[in-house]
Amino acid sequence: MSAVENAAPLAPPRAPSALAAVKRHPLAAVAALVLAAIVVAAVFAPWVGTVDPTALAPARRLAAASAEHWLGTDHLGRDVWSRMVYGARVSVTVGVAVAVLSIVVGLFVGLFTGFIRWLDPIVMRIMDGLMAIPGILLAIALVSVSGASMVTVIFAITVPEVPRVVRLVRSVVLSVREEPYVEAAVSVGTPLPLILWRHVVPNCVPPLIVQATYITASAMLTEAILSFLGAGTPPIIPSWGNMVAEARLLFQIAPWNLLFPGIALAVTILAVNVLGDALRDRLDPKLAKRVGR
Amino acid sequence: MTRLTPTRRGFMAGTAAAAGAAALPLGAARAQAPSGVLRVIPHASLTILDPVATTGYIVRNHGYLIYDTLFAMDENLEVQPQMASGVEISDDGLTYRISLRDGLAWHDGTAVDAEDCALSLIRWGQVDGMGRRLFTYVDSCTHDGASTIVLTLNRPYGLVLQSIGKLSTNVPFMMPKRFSAKPTTERLSAEEMVGSGPFRFVADEFRPGARVVYERNPDYVPRDEPASNAAGGKVVHLEGVEWINFPDPNTQLNALATGEVDYWEQVPADLAPIVATMPGVNVENFNPLGNVGMARFNSLVGASANPGVRRAIARALNQQDLLLAAVGSMEFGQECFSVFPCGTTFANDAGSDFIREPDLEDARRILAESGYDGERFVVLATTDIPVQTNYIQVIVDTMRRIGINVDAQAMDWATVLQRRTSRAPVDEGGWNMFVTWWEGADLLDPVVQFAMSAGGDEAWIGWATDPTIEDMRTQFAEAGSMEEQLELAAKIQERFFEQNFHAVLGQFFTPTGFRDNVSGILQAPPFFWNIRKA
Amino acid sequence: MPFLIIQRLLSTIPVLLVVAVVVFLMLRVSGDPAAILAGDTATSEQIEAVRVALGLDRPVWEQFLGWIVQVLRGDLGESLFTGLPVTTLIGQRIEPTAMLALTTIVFSVLVAVPLGVLAAWRANTWVDRAVMVFAVLGFSVPVFVLGYFLMYAFSISLRWLPVQGYTSPFVDFGAFLRQIILPTLTLSCIYIALIARITRASVMEVLNEDYIRTARAKGQIERIVLFRHALKNAAVPIVTVIGLGVALLIGGVVVTESVFNIPGLGRLVVDAITRRDYPIIQGLILFFAFIYVMLNLMIDLTYAALDPRIRY
Numbered sequence: 001m002s003a004v005e006n007a008a009p010l011a012p013p014r015a016p017s018a019l020a021a022v023k024r025h026p027l028a029a030v031a032a033l034v035l036a037a038i039v040v041a042a043v044f045a046p047w048v049g050t051v052d053p054t055a056l057a058p059a060r061r062l063a064a065a066s067a068e069h070w071l072g073t074d075h076l077g078r079d080v081w082s083r084m085v086y087g088a089r090v091s092v093t094v095g096v097a098v099a100v101l102s103i104v105v106g107l108f109v110g111l112f113t114g115f116i117r118w119l120d121p122i123v124m125r126i127m128d129g130l131m132a133i134p135g136i137l138l139a140i141a142l143v144s145v146s147g148a149s150m151v152t153v154i155f156a157i158t159v160p161e162v163p164r165v166v167r168l169v170r171s172v173v174l175s176v177r178e179e180p181y182v183e184a185a186v187s188v189g190t191p192l193p194l195i196l197w198r199h200v201v202p203n204c205v206p207p208l209i210v211q212a213t214y215i216t217a218s219a220m221l222t223e224a225i226l227s228f229l230g231a232g233t234p235p236i237i238p239s240w241g242n243m244v245a246e247a248r249l250l251f252q253i254a255p256w257n258l259l260f261p262g263i264a265l266a267v268t269i270l271a272v273n274v275l276g277d278a279l280r281d282r283l284d285p286k287l288a289k290r291v292g293r
Numbered sequence: 001m002t003r004l005t006p007t008r009r010g011f012m013a014g015t016a017a018a019a020g021a022a023a024l025p026l027g028a029a030r031a032q033a034p035s036g037v038l039r040v041i042p043h044a045s046l047t048i049l050d051p052v053a054t055t056g057y058i059v060r061n062h063g064y065l066i067y068d069t070l071f072a073m074d075e076n077l078e079v080q081p082q083m084a085s086g087v088e089i090s091d092d093g094l095t096y097r098i099s100l101r102d103g104l105a106w107h108d109g110t111a112v113d114a115e116d117c118a119l120s121l122i123r124w125g126q127v128d129g130m131g132r133r134l135f136t137y138v139d140s141c142t143h144d145g146a147s148t149i150v151l152t153l154n155r156p157y158g159l160v161l162q163s164i165g166k167l168s169t170n171v172p173f174m175m176p177k178r179f180s181a182k183p184t185t186e187r188l189s190a191e192e193m194v195g196s197g198p199f200r201f202v203a204d205e206f207r208p209g210a211r212v213v214y215e216r217n218p219d220y221v222p223r224d225e226p227a228s229n230a231a232g233g234k235v236v237h238l239e240g241v242e243w244i245n246f247p248d249p250n251t252q253l254n255a256l257a258t259g260e261v262d263y264w265e266q267v268p269a270d271l272a273p274i275v276a277t278m279p280g281v282n283v284e285n286f287n288p289l290g291n292v293g294m295a296r297f298n299s300l301v302g303a304s305a306n307p308g309v310r311r312a313i314a315r316a317l318n319q320q321d322l323l324l325a326a327v328g329s330m331e332f333g334q335e336c337f338s339v340f341p342c343g344t345t346f347a348n349d350a351g352s353d354f355i356r357e358p359d360l361e362d363a364r365r366i367l368a369e370s371g372y373d374g375e376r377f378v379v380l381a382t383t384d385i386p387v388q389t390n391y392i393q394v395i396v397d398t399m400r401r402i403g404i405n406v407d408a409q410a411m412d413w414a415t416v417l418q419r420r421t422s423r424a425p426v427d428e429g430g431w432n433m434f435v436t437w438w439e440g441a442d443l444l445d446p447v448v449q450f451a452m453s454a455g456g457d458e459a460w461i462g463w464a465t466d467p468t469i470e471d472m473r474t475q476f477a478e479a480g481s482m483e484e485q486l487e488l489a490a491k492i493q494e495r496f497f498e499q500n501f502h503a504v505l506g507q508f509f510t511p512t513g514f515r516d517n518v519s520g521i522l523q524a525p526p527f528f529w530n531i532r533k534a
Numbered sequence: 001m002p003f004l005i006i007q008r009l010l011s012t013i014p015v016l017l018v019v020a021v022v023v024f025l026m027l028r029v030s031g032d033p034a035a036i037l038a039g040d041t042a043t044s045e046q047i048e049a050v051r052v053a054l055g056l057d058r059p060v061w062e063q064f065l066g067w068i069v070q071v072l073r074g075d076l077g078e079s080l081f082t083g084l085p086v087t088t089l090i091g092q093r094i095e096p097t098a099m100l101a102l103t104t105i106v107f108s109v110l111v112a113v114p115l116g117v118l119a120a121w122r123a124n125t126w127v128d129r130a131v132m133v134f135a136v137l138g139f140s141v142p143v144f145v146l147g148y149f150l151m152y153a154f155s156i157s158l159r160w161l162p163v164q165g166y167t168s169p170f171v172d173f174g175a176f177l178r179q180i181i182l183p184t185l186t187l188s189c190i191y192i193a194l195i196a197r198i199t200r201a202s203v204m205e206v207l208n209e210d211y212i213r214t215a216r217a218k219g220q221i222e223r224i225v226l227f228r229h230a231l232k233n234a235a236v237p238i239v240t241v242i243g244l245g246v247a248l249l250i251g252g253v254v255v256t257e258s259v260f261n262i263p264g265l266g267r268l269v270v271d272a273i274t275r276r277d278y279p280i281i282q283g284l285i286l287f288f289a290f291i292y293v294m295l296n297l298m299i300d301l302t303y304a305a306l307d308p309r310i311r312y
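Residue numbers (our numbering), protein chains in the order written: chain A, 1 to 293; chain B, 1 to 534; chain C, 1 to 312.
If you're looking for bench data, these hints aren't it; they were derived computationally from the structure. The model shown is predicted, which means the values in this text are computed figures rather than measured ones. There could be a bad hint or two in this list.
Unchecked claim - Just so you have them, the derived chain C footprint on chain B, three or more residues with Cβ under 8 angstroms:
#1 50-60
#2 254-267
#3 408-414
In this text, a Cβ means the ideal position worked out from N, Cα and C, and glycines have one as well.
Take the sequences, apply the hints, and build the full model.
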């Protein structure tokens, strides 16, 4: 799109006191707390009252909550609480991995595309092509043909995200490229990687951080949708997405199977999005217009 | 069930009487006005239409709507004439002369002729497991005049009529010769769906994956016997049948609840109790043979080529756990320690002691004695078919517990179907196990049961090779008496449980849900004649 | 302008070519559907025979060239399973998807733009916060969960609306409306969130511009200021988002069509993927990409009309 360019180089944000930040964004503070709690639970999963999340006991299937099974059991007799806690690991990993991967790949491609003129049209046509394929369809097809594993799922969700990051980075590069200090650096023969590293990357960081939070949220959502369509993480690995997808059939018999992971998923995504909004307001108020979110 | 290895005269007498009856004026039932269109949720979507080209159960059910068969199986699993009026078998048992009853017509209005039927048998006989076996005995399959099909054998074979009266997939359906003369690799298209069955395919309305429409064939002449399974009079009381594909089981449930559909072919067992309590809806099992789950081993490569490893796994599997996981409650599951569906003629307990009481300790011992060295054991783990997915999770869990190094590779069913054709070692994309199920109707005896074949290349995927079993299957096919057949079936099972080319995972049932205004549902595979909708 | 249109049209060719190559190669990563077609009892020779009959044994580049030549003639090939031409299948399924997309876009814009303007107008008040929280929520709930919830509430408990299905508005408009309401609500949620946010941001920015201040100072009625001046100038980014959102919409359509049993293109392609019906997958993804590219081309061209500052 054309109304995309013009990222002014940012002045470094002043470091505000934590208290001031909380006052300005009370919602974001809550979101950060929620996320911190989830990450802690995920990291310390074996020590928060869990049992082996893959341990089967078909004879005890669909039991209601009890002292032994805090949130009841699922259709194979597995402990729902344990699966939820371990599922946090998977869901958070998928979200973060997709974000990191797509940012890293997108940054790399975007930087070079923006500076190497003959490369630009080729890469951008490829990116346009990838963007023109509906992301969900691309992901389902990738998972279907290459087998369901966490790695495939992460890869499949990352591919459609990359072009958007490339576009974002490229737009920053294009605007920075014409800046006098960059032109000066080029004219004195500073090697390209150094220019990129010193002058361009710092300008890309704030919008990318914001973008990363949105990608994290949407990746977690996409993972759930892939599970719904039968192309998510393998059923033996608990993820919130596949728990919700598996439990939807049993909604009227054992609603806890759907509700708990569903709420966990929604709350986490909500928290990530709220945090993203707060970051955007702080780091890059114009981002909303540029990437359409 | 009694196998129809005749007392040939008795059979002849019966068919002669039937033939006479069929020539009478149209039965009373036909005079009644058909009412309404039955809206059905089928168990899968119909894409391939040619019932010879594939074995899918959905294609078989579609075939039963629009095609007719020469012979058909009744509720007692006895073969009865359907399009045939009778059969004359020569004294040496080498010549079968099958005569067609009068008034049979294709949907395009032309008369059914014996050449059409002979060619239909030949086309089917190139593909179907039991058909291929039959045709090794057949010298020629031709016609004599317009209404007699002549089958000449090179040596006597006991299962001729059982083969062409086969209940389940691939069913030898009859089609006009312009289609039955086609090579089997050329699949029939929507425009080519011309049969002589009680319903007609409405090609214009065909929306693959979404909707299939059948209308009553007003020119169909049903037999006069009462309908019984695939046999008897196929009297249609409906104006038509509409298959509507639902991708989501929750929506299926809700649509039946609100009466947006009339008939839900396979209610997931977990939802059956909910369906049962919904006002205006019933749930009932119409397929007493049920389905039998199987964990099929690759007998060619890796750890699964070792009979000791296969036996250890079979020893460890707990059918009750498996069934609970697969179908949710024992109301729809039944432990069955025979290679034949429990409750049918050849079900027996020969050699089955070692799987009756699963024992992990003993399984570990067998595994140790087998010389298993911790080699990677690749399971093709289906992710998109819940019954299979749940079975696999229990199987993998059990195998790990006895010390097998399981590599459960998650993939969708389409990939499983592809991957399982590989005979390569596991490090080159090969596999050791996949899980599936067969309908009981496909497992009734050792010959019809393709899963029992052990002829290497000719066998079911997994390529079981065991001349002993193959010899006994041939003996069974040629056996003269029921006693002999029963004895052979037990021996085959005993031998099979030494080899364990697959492990049996119990028998399960798929109930059907239907609205109160629907009545007259016959035993499965789902048939749509005889059903009334008020 | 005509020169511009031609130039832009030509520039879509390499994009579509990229799509074609990516999709074609991706599908060849795993095996072909010969084994599925041949059925459960097929021997290896039978499977190979199917493969040869379908031309799946030929080298990939040869298959690709054959396909591209076909596509250039406007022929997307035939389904490996039903034998029906892919163009026919698209023709059978396009109406429900197009109608659902249309009702969703119309409904979303009608709801989201006023919400966004409202939030901008009352920026940093509780009204604004409420709108924005709703917008974030829209991004946070999986589409299918929302669909189930709506179905449970309106079809099962209240019995107001049918659970599923699709009727063409040209056949029975009443039935069409009843059946399309829930899917539209479900699918609109994320879209409303998206458009409301972008509207708010754009309008807020415009509200600070001089000419709006002038208009206000001249005593124009607030409503007119907002909708005539502010919204008109904020239209460019809003239209952009609607264009970009089409890709998102197609993703949502796949799920919504499954939940509400709408026989549209989304399900056609998902079913084809699970069966590896190559020609349908290739043809449909190319078709979706074509729609996406054309739509964005049209949007680019409308920029010129909406915003005289933009020149190509």
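Review point. Hint numbers the structure violates, sorted upward?
Key: As far as the earlier hints go, not one is violated by this structure.
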